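Enquirer: Listed here are the chains, written in short residue letters.
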Amino acid sequence: MVGVSEVLNTVQMGLAYMVIALPLTLSYRVTQVINFVHIIFITLGAYTVALLGLIGLTNVWIALGIAFLLGGALAVLDNVAVFEPLWRRGSDVLIIMVASLGLWIFYKYLIYAVLDKLFIILRTNTLSVLVRTEGFPSVTLGAVTIDGYLIDTVVTSVVVTLALYLILMKTRIGKAIRAIADNQTLAEISGIPRGRVLNFMWFLAGGTAAVGGVLWALFQTTVTPEIGDQIILQVFSIAVIGGLYSLTKTALGAFIVSGTENIVIAVLHDTFGLPLSFRPFLVFSVLLIVILVWPPLGAGGGLPYRFRIRPRARR
Amino acid sequence: MALDTKAIGLLILGLIIGAAIGYGATAFTGGGGATTPSGGTETAGPQEQQTVTYKIGFTLPLSGQLSSIGKLWEKVAYMAVDDLNKMMASYHLPYRFEAVVLDDGTTEEKALQNVQTFAQQGIKVVIGPAASSQVKAVKSFADSNHIVIISPSSTAPTLAIPNDYIFRNTGSDALQAKALAALVNHEGIKKVVVFYRDDEYGTAFADFFKKEFEALGGQAILLSYASNLADFASEVASLSSKVQSEGAEAVVLISFDTDGANILSHAKDDPVLSKVRWFSGEGIHGASELLQPSLAEWLDSINFLGTRPVFISNPLYEEFKKKFENLTGTDPPVFSEKLYDAVFLAGWAIVRAGTYDGEAIKNALPEVAKHYYGASGWCILDKNGDRAFQDYSIWTIKQVGGEYKYVDIGTYSGGTLTFTESP
Amino acid sequence: MEFLINFIISWLPIFAIYGILSISLNLEIGYTGMANFGKVAFYAIGAYLSAALTMSVMLSLVGKSVPLYSIEAVQALSTPGTGAIYTHPAAYVGLFVLSLVLAFIVAGVVGYFITYPTLRVGPAFLGITVLAFGEMFRVFMRNYEPLGSTKGLFGLNNPFIWIGNPQLSQGLFALVSLALLLAIYIYAERFVNSPLGRTLRAIKDDEVAALCLGKHVPRVKATVFFIASGMAGVAGVLWTFYQGSVQPDTFVPILTFYVWAMVILGGMGNNLGALLGAAVFTLVDRVLTFAAGMMGPSLIIPPNYLRWMIVGIVIVLVLLFRPEGIRPAKPIKTPAWEAVKEVSEGG
Amino acid sequence: MAEPILEVKDVAKYFGGVRALDGVTLSVQKGGLIGLIGPNGSGKTTLFNVITGFYVPTRGEVWFEGERIDGLNPNEVYLKGIVRTFQIPRLFPSLTVLENVLLTPPNQIGEKPLYAVLRSRWEKQEKELAKKAVKLLRRFGLGRYIHANVSELSAAHIKLLETIRGLMTNAKLYLLDEPAAGVAYDMAKEMFSFVKRLRDEEGLTFFIIEHRLEVLMEFVDYVYVLHNGKLLAEGKPDEVVQNKAVIEAYLGG
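Chains as they are written, first to last, in the working numbering: chain A, 407 to 721; chain B, 260 to 682; chain C, 29 to 375; chain D, 34 to 286.
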């Protein structure tokens, strides 16, 4: 049965997904790299709010700010230390993507190792932290209680999306970012300082993704080091639905996936008795369908057209 | 031939280097070459007698999924070996034991690798691994290489196999399911939804619970959730509609700590789920998340009850608990008394076998267990090498001195339910 | 010496498994430029197929019809001395061989069809498609009761266990694994040092240009995926018989990236490099296990985390500072060279 | 004139609302050296993409040697005997010059997956092809570079190599996309005289997109002019240069 809670969950999950997926699409459009460190931005954001709560700092807005700075800083670090040197050497985008994979694995276990030490220092289980933070209070409308975290999520995601839109569309640096996304060589010829613009873009992308991580933590309420890994395929699915190009379609994709995860599974469960544990299965099916039916042509260095299995040569 | 000779050469070189590194590492492990690879060492102790030191291997989840428990278990392991040695000294027995602890990261592959590493060092008794899936992964190697495995916490009914090298110092889940069913029935509830992890632990537990509960005249509806997710909000939403449509009076939650805490924190805000009774097994017991005031208050208000395997009012357990608290400042986590006793069982079995040989130890272990009473109570093993008798305590969350705490309020022993405090 | 032998016989099969996996990944990424982020799926297919096939046939040989994951099944199969794997040695070894063949074919065919998206999208998307496929397979296996769901399957042992002496049987298995690895290595070397290998490199360099030279790029890619996935299936069979059990959660995505690290370290486009990469990582892993036991609880970073941190940082550092890996890609060796010499000498 | 080898009949290609090609009809005579010109965005490359199978035309037909080829995949078009070169040469950097040439013959035995590992099956063919390739390279003055990496070649040599490797096969029609782009005037002239020599010696047909009209017009014997996806003019070079509409299009574009 699809009830109010499924709908509210869809909204909260979808908004969090949206804030996480938008920067992935943005960074893909500009650099053509599917960035696996995105997972770490999410985890970092989630742990920022969780650990701050653990030491008694329970203001969600402060956590959001710190997460943004941390995520942005990490993204710029990656760009300066790894992506940019590789790009300058003329490496294939695939190679840069694999490097981001390596970074992801490294950071993930670095986080594990740090939490391991914190475990001993703080004497609490840091590998699974219940989020304790405060933003807006919960509101009760008749029989429906709207959780405070949901209100925080709505406010934050609206602000973040608006800010992203304004930066990309109305500022000079935003125009420079779009110019690079549209044509690298042309942008460079026209004197856009690629290095600086890219660093700014990465800061924005990493920071936004970390903010998304905070929102995701608010939704999950429990944070583990696997929190980013567990949703990354969903986030990829969303980005692929957006064709890794359109930010609007990415936002739409966020709600398609979150709707699948909440409402579709509930309907299938009630009508066909599909086990709830098939949820990831369902999401990956969406991903496969999208890739097979509406593939982003030429994306990721592929053939720029559709290879025809049965050529239509007529006589 | 496309294969050049260099390839073979390099391969062989690799083999030799690898073996050399490995060999060097073991030599080092022995600490100054005092250890012969056979595992038994003769050193002149402080006493006049020559003492023999045996190594006991531990493969524990120091990292990964179960690491929050595993880290404390590691302390239990060292504490137990220490206590065992003191006991040996006080009996003037010429045997000493040494713990070799390896981390298996809660993965199957690593558990097997650890047991192999122990085997290479000549260690014949291994305590751990924690999860049933890991025990299965090491089973065939242990059986064919005669390595005795004593798991303190594997409860999967599918591992109840006679005549193998796998021993489990804990009751199979079938026993606990029976206790939990009796508890729910005692509370006068006739219809429940069982909400369980979709892994081996949850599935088996739920199946047994349904069987036992329906034997008592109740009705149990099974509903699984994906345990590999981090987000359970929508699972809880489905649970809510299920409870409402079935008109169930209670939910039985079969979970581990992280997922269970997450589920409860969502359920607290659900209009349906916050009004029904909740019951649980041992998986969630001890999770610090549940003691947070907002959650604990709700759990207290709905009279949340759970079962957990424990030996009740046992002075040895109290002593163990106190010692552990002094050492670490926290309560002993689940299964730590089982782990503690497993070390003593292993030690005495080696002494009884009189030789550091896998088969002899395997044969001695059930005999030793028959006469062993430890922090976890009587450790008698059944024909499958699993703990035959298991008592359970009934736990809840209550305010004690202004703070919420886990409190045991009753026992389930030998088929009868007794409350020491009113629930 | 005893220790050394034990070490080698427990390490060799693991080396063989990862060696096969990294050679197969190298065929895909190193030679053809196809990113496979879901290698683990085909490995899992091989493992599950061999376990299901061997267990069900062995059980029917001893006249038992019980679920594969039940205690009765495990007992009927693996009770020392009286279990089916001890009493029917010929059938057991035969099933091992049959599993190798079938796993190659089944995993290969699945791999062949998985490349369908490459008809349209590039390597990065192929990678993500296969990654999602691997996760789907794992989620499915977690829920598929006849093959044990989360309980997994167990009760097998190495194919020579009936010999009795554990060291001897494990040693034989280690040798068989090594032989398989060598066979696959030789096959891969011959495969890439041929006109087909030339085409593969051309596709890696520029698939549009290769297409314009009449190469049926999607078919060639699918063929390579067939072969590489089949190899991964073979590795999966070895894993089943090595561990004696299969569990769905062994086959997590990070395993794939472990193999990636091996190929990148060893050198993309060099089979020997892939082997070296596999040897280095499996050895480092074992050494870390020893070192951990040596240092005890004082170890600063738990070895399990350290292991993966090394995997990650090696990928990054090698790509940054030595993108060609330990052993750079070799030119293709075909008899064309000899022909050129003949022409030159002839005038 | 001889019979047409390539015929494009009323071909149109729309991308959404954009009419990249809008009803183009033209033909290329066997043994001809035909130019295709037009301002940027006039649809020249789109036409090449339609002919070589990258795009299926929205409307119209493409015929090659009496066979209809529109809708075939690019590899199949190649097998019919049409070789395409790119504006930026697309050689394979991880292969040597010799290997780049050896890649071109279709249906080699050693390319079949089953035979690839059985060296004895393809060794003979491989050696024959290698000998042929070496002769070819020597004939065009690339003998020194047989084992060189492609990156060691000069820009002109790369263009040369890209063109001559088609001679290993049954190539009949060449589609050259701006062969003289990015090279000096002298070099461009040399490039075109080489193309002419190939046409004369080998009887090949060339269909060439070129921006540098000053070079192109010297060599070609017929020119088509595209503008906004439509054929604007055609004729002998000197006629086309005089055409008012063409001049306007170029100035306006």
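Mixed in with the good hints there might be a few duds.
Stated by the list, open to error - Result set (PhoX-like, lysine-lysine): computed pairs, CA atoms no more than 20 Å apart in a straight line:
| hint | chain 1 | residue 1 | chain 2 | residue 2 |
| --- | --- | --- | --- | --- |
| 1 | A | Lys523 | B | Lys334 |
| 2 | D | Lys277 | C | Lys369 |
| 3 | C | Lys361 | D | Lys157 |
| 4 | C | Lys369 | D | Lys205 |
| 5 | C | Lys361 | D | Lys164 |
| 6 | D | Lys157 | C | Lys369 |
| 7 | C | Lys361 | D | Lys165 |
| 8 | D | Lys113 | C | Lys361 |
| 9 | B | Lys334 | B | Lys580 |
In short, the hints are calculated from the structure, not lab data.
Values in this document were obtained by computation on a predicted structure and should not be read as measured data.
Enquirer: Determine for every hint whether it applies to the structure shown.
Expert: Status of the hints after comparison with the structure:
Between Lys523(A) and Lys334(B) the CA atoms are separated by roughly 16 Å; this keeps the pair inside 20 Å, and the hint holds. A distance of roughly 59 Å separates the Cα atoms of Lys277(D) and Lys369(C); the hinted pair therefore is violated under the 20 Å criterion. A threshold of 20 Å between alpha carbons decides the hint, and for Lys361(C) with Lys157(D) the separation of about 15 Å falls inside it, so the pair holds. Of the pairs offered as hints, the one joining Lys369(C) and Lys205(D) is violated, with about 31 Å between alpha carbons and a cut-off of 20 Å exceeded.
Between Lys361(C) and Lys164(D) the CA atoms are separated by roughly 16 Å; this keeps the pair inside 20 Å, and the hint holds. Between Lys157(D) and Lys369(C) the CA atoms are separated by roughly 15 Å; this keeps the pair inside 20 Å, and the hint holds. Of the pairs offered as hints, the one joining Lys361(C) and Lys165(D) holds, with about 18 Å between alpha carbons and a cut-off of 20 Å not exceeded. At most 20 Å may separate the alpha-carbon atoms for a hinted pair to count; Lys113(D) and Lys361(C) exceed this at roughly 30 Å.
For a cut-off of 20 Å, the pair hint linking Lys334(B) to Lys580(B) stands: about 12 Å separates their Cα positions.
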